[in-house]
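Chains as they are written, first to last, in our numbering: chain B, 6 to 314; chain L, 5 to 421.
To be clear, the hints were calculated from the coordinates, so they are not data collected in a lab.
Virtual Cβ for every residue (Gly too), placed ideally from N, Cα, C.
Don't take every hint at face value.
Said to hold, decoys possible - Using C-beta positions, here's what the derived DEER-type ranges look like: (1) B/Ala52 x L/Phe190: 45 to 51 angstroms; (2) L/Arg269 x B/Gly38: 46 to 52 angstroms; (3) L/Arg34 x B/Glu49: 42 to 48 angstroms; (4) B/Lys141 x L/Ala198: 51 to 57 angstroms.
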Amino acid sequence: MSDSQLKKSLPIVTRRTAVKGGFATLGAAAFVGAISPLRHAAKETTAAEFMQQHYQELSDEDKRKVIARLEDETKEEYGADVTIGDDRPLPGTKFVYAINLSVCNGNGKCVEACHKENNHDRATNQSYIRVLEMPKGTMDMEQGNTTYTHTVPDDGKFYLPVQCQQCDEPPCVDVCPVQATWKEEDGIVVVDYNWCIGCRYCEAACPYHARRFNWKKPEVPAAEVNPDQSYLSNRIRPQGVVEKCTYCLHRTRRGRLPACLEACPTGARVFGNILDPDSNIRWLLENKRVYVLKEELGTKPAFFYFFDK
Amino acid sequence: MSTTNQPSAILSYPAFLRRSLSLATDGSLRFYAWMTALTAVALVGANAWANQVATGMITTNMTDHVSWGLYIANFTFCVGLAAGGVMMVIPAYLYDDEEMHKVVIIGEAVAIAAIVMCTLSVLVDLGRPDRFWHLIPGIGRFNWPMSMLTWDIIVLNGYLVINLHIVGYLLYMRYLGRKPNPVWYFPFVFLSIAWAISIHTVTAFLYCGLGGRPFWNTALLAPRFLASAFVSGPAFIILVMRVLRITSGYSAPPGPARTLIQIIRVAMVINLVMLASEIFTLFYTGGAHGVSAEYLFFGLHGHHGLVAWIWTAIAMNLLGTVLFFTPAALQRGWTRILACLLVIVGIWIEKGMGLIIPGFIPSTLHEIVEYAPSLVEWKVTAGIWAFGLLILTVMLKLIANVFTGQLNLPGSESASR
Ligand code: SF4
Ligand code: SF4
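Work the whole structure out from these sequences, hints included.
Right under this line is the structure:
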């Protein structure tokens, strides 16, 4: 259609606007093309997932549906049959952890056990625990090292395992813009993996390097998936959200011990309910010289360290 | 937002918007080339981001150790730009500097574009952008007043709305050929001044409120942010004014630019004094607080990824400051342009790679894991800048058209002029 014809038939459309319209259409098409990889991502997110409410607002009925959906997804994506529980805090329980630094020899069995128990990404060899090798005579982490490969224990060194301290004043919870993470009545700080937006502000706020982000979709071979799971703990996390140690709440709220404790060959780890006057942990905290990390920050850890002598 | 009590004005507002859009996208070949180039870069960025969402943020070079990188660095700088954009409002209205008004509206346009860039920088940093709605008050779960990030979202959006209103209103009144009614914009101007300070303060609180990150945990952070915003904002505006004068004939008298340079001089000196005092406490005391600074300035245990960055920034800032103090800076010429470019880039590095990244190195368990942005991150960031400049260009075009009388209500006062 020539210029004059165009003007005749559509008097309002000048050549300029026509050209601009053409450009706009081209631009829009190019934009759709540019963001087309999003379609792949969108396939992973069902409408039900997208609309899902915050964990604390789900009714029992909702939870049942959500959990059934998550179990199906795990089957589909990982080929594993799993059961996802909704373990709630036990009344009259406040969990605390302690580590005997005189006994810990840095063998790293806890790190490994955590990796398997919590269905961590195999490729990145993730774990919630880091063990620092420290020169004796200092508590200054500046002098620590997490990447030692020699046989342990090394002379003149002691070992400091660090994981989430389940702080009583957790900075990670304060900073979360959407309340995707919170502290439960038994002292465990949890994350709703289906509500977290992945801003990683909590990761910046935690003084103990306790949080991990899922930089990609976790890979776990079907045969290695730990099928005993819970909504707020070790179910396989979606890509793009933050996760953390939950004192293995899928075990401990069912009366078992954390996986890292069971795996520890030296018996350095002690776990229990501080509200129970007859518990081991209570005796220990009352009779040993106990330390917490970075006390000056006011995070009030529920995780303690002690020495025998 | 921009309304008057005259019904005719309300009716012609949609027509105004339509005409503005049409005029703002008209131009010379050079203009189209510029817009096409920006669109192309923005598309490359959009594509990189889409891939990042699909494959996961593993495509960035961030890690659990350095969990914020280029995106948040760029965000921090853009907040400063947005705040600085409105700083000239202070001389313009407080001292009733008539000539400044022509510049103020440019500053507000810069602020609007910068806020859009801020929002985009945060969006691309989210692991789950599809859950963005969790942040919307009412339907999501807003952690207010505890989370500084929630505060930041509130103040940034508020700032955007205020500035959109002021710019829209002033332009519309010009278009109608009427004198703006002070009731409709004066209170908002004062609000935007206070608000400009608040956006940058809250952004500083985002970092300095974290006890576990000694490098950020300093009371000087907010004032330093403000001081550098008073430099980068006006410097950016001087550049924009130059471009406008060359390309569209819209020019402000030389007075306002001189005022801006005075502001820059003072702010830059304050900024450098604070930097020096920070460096003193960090290095004289030593200990854990000094470690990140040592890594940043000199390298630590054989790692020196940021050393080149920070010294470049310092050199640029110092050189820029010196140039600003030369008499030539007060004249229209290359000295001024060069000085502006130097301090803008200098502050961009200082606020970004020089502030956000060293906060994470060494990590809270004192491990050293280094970070340098990946190609994906660079592409996405370039895309955000291109999109911001695209918006700015359209707004400036509109402003120039209205102020030079090309766009006005037929039969209005300015049309007959
Ligand atoms: S250790 Fe870190 S993640 Fe755990 S509760 Fe404390 S601040 Fe939060
Ligand atoms: S990453 Fe998730 S849990 Fe952490 S602060 Fe952001 S939304 Fe909250």
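Now for the hints, and whether the structure bears them out:
1. At about 48 angstroms, the CB distance of B/Ala52 to L/Phe190 agrees with the hint of 45 to 51 angstroms.
2. Distance hint for L/Arg269 and B/Gly38: a CB-CB separation of about 48 angstroms, consistent with the stated range 46 to 52 angstroms.
3. Between L/Arg34 and B/Glu49, the C-beta spacing of about 44 angstroms keeps the proposed range 42 to 48 angstroms intact.
4. Checked against the given bound of 51 to 57 angstroms, the beta carbons of B/Lys141 and L/Ala198, roughly 55 angstroms apart, stay inside it.
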